[in-house]
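Chemist: What follows is the residue order along each chain.
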Amino acid sequence: MKANITGPDTRDTDLERSQLRAELAETWKTPRGLWGALATVDHKIIGRRYILTAFVFLALGGILAALMRIQLAQPEERLIGPDRYNQIFTMHGANMMFLFAVPVMEAMAVYLVPLMVGTRNIAFPRLNAFSYWIYLAGGALLWLSFALDMAPDVGWFAYVPLSGPQYGAGKRADIWAQMITFTELSALAVAVELVVTIFKQRAPGMTLDRIPVFVWAMLVTAFLVIMAMPAIMVASTSLILDRLVGTHFYNPAEGGDVLLWQHLFWFFGHPEVYIIFLPAAGMVSTMIEPFARRPAFGYLALVMALIATGILSFGLWVHHMFVAGLPRLGNSFFTASSMAIAIPAGIQIFCWLGTLWDGKPLFATPLLFIIGFIVTFVIGGLTGVMVASVPFDTQVHDTYFVVAHFHYVLIGGAVFPLLGAVHYWFPKITGRMMSETLGKWSFWLIFIGFNLTFFPMHILGLQGMPRRIYTYQPDMPWHGMNLFVSLSAIILVAGFLLFFLNAIRSARSGAAARDNPWDAPTLEWATASPPPSYNFARIPAVSSSHPLWNRSDILAVASGLRTDRRELVVTSLVTAEPQAREASPRNSIWPLWAAIATTVMLIWSIFSPWAVVWGSIPIAITLIGWFWPKGTPEDES
Amino acid sequence: MSTSRIASHLLLWAGLWLAPLVWAVNMQLGQILPYADCRSQLHASAIASFIGSMIAALAGLASWRSARPASAETAASGETASFVGVLSSLAALVFTFALLMQGIASTVLTGCER
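Listed in order, the protein sequences are those of chains A and B. Quick note: the first sequence, position 129, residue 129 per the numbering used here, numbers continuous. Quick note: the second sequence, position 84, residue 84 per the numbering used here, numbers continuous.
There could be a bad hint or two in this list.
From the structure, some residues in chain A lie toward chain B, with a derived Cβ separation under 7 Å [stated by the list, open to error]:
1. Arg49
2. Thr53
3. Ile311
4. Pro327
5. Ser332
Okay, the calculated bits of chain B under chain A, using three or more residues with CB under 8 Å as the criterion [stated by the list, open to error]:
6. 53-67
7. 81-92
8. 96-102
No lab work stands behind these hints: they were computed from the structure. By construction, the Cβ of each residue, glycine as well, lies at the ideal position given by its N, Cα and C atoms.
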């Protein structure tokens, strides 16, 4: 790679391997200690934090689910009162969707995508650090409100007028709305980083048809986030305005419209399902290769399915509103799209089955979770086609049938692949292997426990049991099934406890992992486990879609980057031809200050509209500090 | 970039931009036209959907025909162009199917059902 250099030549071209590594380690290091931890912009450290935090929220959400199952185990149970129960189911849904499912998928991408595309850090690394702190603040806001008995109690979709000023007294709905602002801001930031990383930082030679499927999935997901999340930010902001300033966006008496809320929410809410599912599908397509010991069948079809699913997901939202009184002909368009989206989903499933059919499957724990995913997701998909039909949906709307359906889709479609992915990428992240024995035990407990817990909910729904009831009378025909569901949930909880135990134990004392313990074909396995701060001593040059399988002896690399400053290769969008060397920002404490200032402004604005005015001043100061030249080599453009 | 080069790029990617665009427009028409259908029994929703499905199919065909490696400058970019063309045409098929389903639904409903 040619470059104009005015000073001494500090490029890596002629450096010995050990000297190169030492210089890169010095340039890319995160200093030890609290300050270093707070100021780091290393995508791996931030990704790890994101993943750990998201799993803490999963555990907290799981505890709430267990409480609900204890409450519903028998009729007329008095363990939890109706007000607290409203808070618990709202917290469970909001926590799982906004604090676990979306962030954990983006977190996996924050860690893995730069490694998989062969670059040294994510694009906009300070924005990445900012996004984590904002996410943490949003989660803390929600859970602190719960601890103070003022948590949201309006359901995870906070329908107006229930959440409006007429019926939602206090600050509970405001906390829900502002938690949305925190988490969507964080998600949007990560989405922008991912798009730029994937478009412009791919290793030389990684053309569009050589991008790993997980990276494709994250690209589509990032666009979904960018297009869907502004709708919910507009919704939550206008709700706060109605509640605090006295606007009437959702007040029909003053020309507002309650259905506007449902349209805005579900225009985000349905793509949200695919924001969670598509990364999981990408993980499956990537993980299945080393365990089937062959390339994924139908790479092109898999990529097409991801893109088509992503686009179609924007044409389904009204199927959440079939009982809202819209014209039936209009509804039928959404039924058509909801059924059409089963085509790309089905294509992916046939590709995965074809890969296993023609491969030599190695039934390690990640593959077990993939198979568990296929089984549960197909069941969830079938009930999805059922509820896409207006007459059927009208009958089961707001019943436990829908609860069963979306848990099959979300746990089956996202959590199973995610748990498989944790087992698969754990050696890369920690340098240690997870226990296979404990992994298989946890899989079977989770798989059996999940199906025994959630399948009977279909029947409860068909028997007419509504969602979100805190108890029921003994003469209803539901208590036997509810007791069975609650007892089955013990198996599910045991499976998750075993998974957490395995992860903690393996991180401390698991067997040391090789660089590529699964003999996998993608670039993240071309570096050490765990990777050094600079990811790759030399940037890989790619000539196939499976660079670690198709190499003749060693991986080709590119050289010419400087070692005295953080530098990346920028490549062209379609063919990944090297175009430029670009600086990557150093560690900085300013993203943390900016996040603190933003947090103060957002929480203050729950109580006073003037917070937006006065709160923006510290934010502006922190942003000036953030972008002010620091006198480092990275300032040179 | 010359006009012919822009045109060839648009054709290559047509299945991925034109077909979804037509489908998105038809989704909006599906919210607007039922009122006209109910008043005049025109079946305008069905007509729009079937026209849309034809445009989506043609977009897929254009992508398929543009996916010829010979038109590319290098072998690598030829493979990528072929990948994009086939990808676009397959995606167009999915949108054609969705539009056909919407058209069929529009033929069995009058637009007056609430």
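Chemist: Against this structure, judge whether each hint is valid.
Modeler: The hints, checked one at a time:
{"no.": "1", "hint": "Arg49", "in the structure": "violated (36 Å)"}
{"no.": "2", "hint": "Thr53", "in the structure": "violated (35 Å)"}
{"no.": "3", "hint": "Ile311", "in the structure": "holds (5 Å)"}
{"no.": "4", "hint": "Pro327", "in the structure": "holds (4 Å)"}
{"no.": "5", "hint": "Ser332", "in the structure": "holds (4 Å)"}
{"no.": "6", "hint": "53-67", "in the structure": "violated (count 0)"}
{"no.": "7", "hint": "81-92", "in the structure": "holds (count 6)"}
{"no.": "8", "hint": "96-102", "in the structure": "holds (count 4)"}
Violated hints, listed in ascending order, are 1, 2, 6; each of the other numbered hints is respected by the structure.
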